[in-house]
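In order, the protein sequence lines correspond to chains A and B. Taking the numbering used here, I'd label the letters of the first sequence as residues 1 to 112. Taking the numbering used here, I'd label the letters of the second sequence as residues 1 to 111.
In case anyone wonders, no lab produced these hints; they're calculated from the structure. Glycine residues also receive a C-beta, built at the ideal position from the N, C-alpha and C atoms. Warning: the hint list may mix true and false statements.
[Stated by the list, open to error] FRET-style restraints, in silico, Cβ to Cβ:
(1) T20(B) - A13(A): 39 to 49 Å
(2) N57(A) - E28(B): 20 to 30 Å
(3) E58(A) - Q84(B): 35 to 45 Å
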Amino acid sequence: DAKTTQPPSMDCAEGRAANLPCNHSTISGNEYVYWYRQIHSQGPQYIIHGLKNNETNEMASLIITEDRKSSTLILPHATLRDTAVYYCIVSNIIQGAQKLVFGQGTRLTINP
Amino acid sequence: DTGVSQNPRHKITKRGQNVTFRCDPISEHNRLYWYRQTLGQGPEFLTYFQNEAQLEKSRLLSDRFSAERPKGSFSTLEIQRTEQGDSAMYLCASSLTGKLFFGSGTQLSVL
């Protein structure tokens, strides 16, 4: 699995958009970009994933650059409940890779 | 609630004792994963089942750790002769399509 690089921490004001960057310059053509988050004392929670097109769901939007070497997770209107550690992972788990490999993620703090 | 249940939520044990954790995945999920997480770190992969077959085990995993998934349903993770370094959160996840659903974990404290 390709490695990812994320900032260790970020702050965002409540109600503003939170933009979390992720670099994955060694991503392979069949690897997807996954985002999970982990709120304190809970297991990680799936947010979104994509291959090369931008994706949006009820939780967030995922913007992947054309060369696929980086991506941004966007939480459009952050709330205090979005305070969590956010993990960016690249994997071809859909097509047969056995596992997701987590890094240390970005600790996002939403401030009132 | 993701539908993945882990028991117990907390376990305190003395060094040298054996402990066993249980994971009940979402019923139709054929893949089951165990991860371990220590404070300030991301979850670390331990092992993976597809149905009842254990397909991968981390090379970092001590022989004191063993996992089973009889009949491809629930899974157990046993740690023999626990050490203080085994203190961690043990997470279970299940999957059908590649999206992992995690339980709330079992917090192990080895005294």
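Status of the given 20 to 30 Å range, CB of E28(B) versus CB of N57(A): For E28(B) against N57(A), whose Cβ atoms are near 22 Å apart, the range 20 to 30 Å holds.
Is 35 to 45 Å a correct range for the gap between the Cβ atoms of E58(A) and Q84(B)? holds (43 Å)
Range hint 39 to 49 Å (beta carbons of T20(B) and A13(A)) holds or violated: Holds - the Cβ-Cβ distance for T20(B) and A13(A), about 46 Å, lies within 39 to 49 Å.
Taken one by one, the earlier hints all hold for this structure without exception.
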